[in-house]
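All chains, full assembly: derive it from the sequences and hints.
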Amino acid sequence: MKTKLQNKIALNIIRIIAALVVVILLFLLGDILISGVPHISWHFLTSASQSFESGGGIGIQLFNSVYLLLLTLIISFPISLGAGIFLSEYAPKNLFTSIVRMAIEVLSSLPSVVVGLFGFLLFVVQFQMGFSILSGAIALTFFNLPLLTRNIEESLRAVPNLQREAGMSLGLSKWRTVTRVILPEALPGIITGVVLGAGRVFGEAAALIYTAGQSATNIDFGNWNPFNATSPLNLMRPAETLAVHIWKINSEGVMPDASAVSAGASAVLIIVVLLFNIFARIVGNSLYRKLTATK
Amino acid sequence: MDPIKEKIQSNSRETRQDLFGKIITYACITLIVLVVLSIFIFVASKGMATFFVNKANFWDFLSGKNWNPSMLDSNGKPMLGALPMITGSFGVTILAVLFATPFAIGTALYMTEIASGKGERILQSVIELLVGIPSVVYGFIGLSVIVPFVRNYIGGSGYGILSGSFVLFVMVLPTVTSMTVDSLRAVPRFYKEASLALGATKWQTIYKVILRSSTSGILTAIIFGMARAFGEALAVQMVIGNAAVMPTGLLSSASTLTSVLTMGIGNTVMGTVANNALWSLALILLLMSLFFNIIVRLIGRKGRM
Chain Y
1 MKTKLQNKIA LNIIRIIAAL VVVILLFLLG DILISGVPHI SWHFLTSASQ SFESGGGIGI
61 QLFNSVYLLL LTLIISFPIS LGAGIFLSEY APKNLFTSIV RMAIEVLSSL PSVVVGLFGF
121 LLFVVQFQMG FSILSGAIAL TFFNLPLLTR NIEESLRAVP NLQREAGMSL GLSKWRTVTR
181 VILPEALPGI ITGVVLGAGR VFGEAAALIY TAGQSATNID FGNWNPFNAT SPLNLMRPAE
241 TLAVHIWKIN SEGVMPDASA VSAGASAVLI IVVLLFNIFA RIVGNSLYRK LTATK
Chain R
1 MDPIKEKIQS NSRETRQDLF GKIITYACIT LIVLVVLSIF IFVASKGMAT FFVNKANFWD
61 FLSGKNWNPS MLDSNGKPML GALPMITGSF GVTILAVLFA TPFAIGTALY MTEIASGKGE
121 RILQSVIELL VGIPSVVYGF IGLSVIVPFV RNYIGGSGYG ILSGSFVLFV MVLPTVTSMT
181 VDSLRAVPRF YKEASLALGA TKWQTIYKVI LRSSTSGILT AIIFGMARAF GEALAVQMVI
241 GNAAVMPTGL LSSASTLTSV LTMGIGNTVM GTVANNALWS LALILLLMSL FFNIIVRLIG
301 RKGRM
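Chains as they are written, first to last, in UniProt numbering: chain Y, 1 to 295; chain R, 1 to 305.
Calculated directly from the structure, the hints in this document are not laboratory data. A virtual CB, placed ideally from N, CA and C, is assigned to each residue, including glycine. Careful: at least some of the hints might be erroneous.
Only some residues are given here: those of chain R computed to face chain Y with a beta carbon under 10 Å [said to hold, decoys possible]:
| # | residue |
| --- | --- |
| 1 | F20 |
| 2 | I32 |
| 3 | P78 |
| 4 | M79 |
| 5 | L109 |
| 6 | M111 |
| 7 | E113 |
| 8 | K118 |
| 9 | I133 |
| 10 | M179 |
| 11 | W203 |
| 12 | L234 |
| 13 | L285 |
No farther apart than 20 Å at their CA atoms in a straight line, the calculated lysine to aspartate or glutamate pairs in the DMTMM-like style are these [stated by the list, open to error]:
| # | chain 1 | residue 1 | chain 2 | residue 2 |
| --- | --- | --- | --- | --- |
| 14 | Y | K290 | Y | E185 |
| 15 | Y | K174 | Y | E185 |
| 16 | R | K22 | Y | E252 |
| 17 | R | K302 | R | D182 |
| 18 | Y | K174 | R | E14 |
| 19 | Y | K93 | R | D18 |
| 20 | Y | K4 | Y | D31 |
| 21 | R | K22 | Y | E89 |
| 22 | Y | K174 | R | D18 |
| 23 | Y | K8 | R | E113 |
| 24 | R | K77 | R | D60 |
| 25 | Y | K4 | R | E14 |
The structure is reproduced here in structure tokens:
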């Protein structure tokens, strides 16, 4: 009977632990949303932030976050697509490939603050780009590359070899087989990975503090010429993102309503990340259905 | 020349396409390798400057207890003792992983051994959501919930290693859990069946068979959790108190390598001792992350044998 009792106790402890983890998540989400959502208003989402008085919004930061995310994806997607195709289709079994794999592993486990500091050293200081959206986007690219590459490689690998053989037997080159046969089938997985990665990039702050900077310059939403200093599209302006904003107002402590603004901004961040997660699933599933003709 | 001969002797369109593909993919992958190499070269050359340009003693740097790079000590050398930050970093990392491991293993066991399909899916999305919450949001929750909690119920100012490790606990939990799940799933089904057929209870099977055969995978998961905790910057920086002194306990203000870096790089001038010393801290971070990688590889190699 003793073993039966032990079994019961142990299994129940495991159940309790799992339940606790769910409770932790519910508590976190509840805390953020309950304290944050009441602060979200149209005014909060669109107006500029204030430094020394209350009532500021997060409009510019929100725009910067989205813009930075788009730039990062534009830079990192093609590179990781090439790298992913290499690893899953071309990589020979030799020293070079194992070095490459190790490099990607190391890059993915580097602390994001180190990646940010490297970006600061190379782009902000060495290349004299200053604190700018472009430096930030490049730093985020370094941060995003290993994840995206691995995701693309795995999605490509999941495509059955039959498809490759079919392409080859039709006399297609390997490159054409990959781009016209394998890639479309792997697309749903790739898109899901890109969107999930986008969620991570959206909330990243440590890599941005010293690359995209901590100041949100006033931008003029009527002026869309990228070469103009006040244009929202200007690549060389410093751009504080939403996540950096939360960090900055909490560590500086000069804003009177810092906790309210951070609660609101945190809620916005969480909601955006949740939307990314849901979106990734929906798009992945519907693309899969469309491309593979499954019901 | 004869057009047929020319066509046969020149490369076909397919060969050219293949060459094109090879060049492109090789270029992308080489770019990534170059990025990693240059991160190491740049940070290392900056980090070494403290020892080669400013002539600081490497051993004193690692073991010194006074960190105040802009001040000179009695020997006329800048006070570059990084031990407080190193202790802080290891303190929060080890505590966080100690808290997280039982939770992670429990949750992973529930997902793989006990839960129905629905329960597993629910926990799967719980873990995905925990991964998705940005680190500044964890820091903000730490600041608004954990710090007051520690202050009111445990003691001290609320800022310190304990609060830092509570925040990190939640942050490394999903990493460790999902990797543990993977390693539990990799246990061959017939191990479990054999054990159950011998009359073992579910718990005996879990404890004596499943956990034993996935030990190396679970260790890998824990090391990855440590790597994540060690490198986490902002969430820790927000709750640890940022006093660059030797921590006297879990409840006193402390600092970590990452927190000093985030605070300091903007306030020091490039090329000065104070700035170089910070780059040396970054180098330590880099080397630690490499070290965690090597351990994971060693465990993987041992697990295969």
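Does E89(Y) lie within 20 Å of K22(R) when you go C-alpha to C-alpha? Since the Cα atoms of K22(R) and E89(Y) sit roughly 10 Å apart, the hinted pair holds (cutoff 20 Å).
Holds or violated: is there a CB of chain Y closer than 10 Å to the CB of L234(R)? 5 Å, holds
Under the criterion of a CB-CB separation shorter than 10 Å, is I133(R) in contact with chain Y as hinted? 6 Å, holds
Using the nearest Cβ pair, does M79(R) come within less than 10 Å of chain Y? M79(R) check fails; min Cβ-Cβ to chain Y is 22 Å, beyond 10 Å.
Hint M179(R) vs chain Y: min CB-CB distance below 10 Å? It is violated, given that the least Cβ distance between M179(R) and chain Y is near 12 Å, above 10 Å.
K174(Y) and E14(R) were given as a pair; does the straight-line alpha-carbon distance stay at or below 20 Å? Holds: K174(Y) and E14(R) sit about 8 Å apart, inside 20 Å.
Is the shortest C-beta separation between F20(R) and chain Y less than 10 Å? Holds. Min distance 6 Å.
Using Cβ atoms only, decide whether M111(R) comes closer than 10 Å to chain Y, and label the hint accordingly. 7 Å, holds
Keeping to a limit of 20 Å between CA atoms, is the pair of K302(R) and D182(R) held or broken? 18 Å, holds
Does K77(R) pair with D60(R) here, judged by a C-alpha cut-off of 20 Å? 11 Å, holds
Is the Cα-Cα distance between K290(Y) and E185(Y) 20 Å or less? 10 Å, holds
Would the pair K93(Y) and D18(R) pass a check requiring their Cα atoms to be no farther apart than 20 Å? Roughly 19 Å separates the two Cα atoms, so the pair holds.
The earlier numbered hints that this structure contradicts are 3, 4, 8, 10, 16, 20 and 25.
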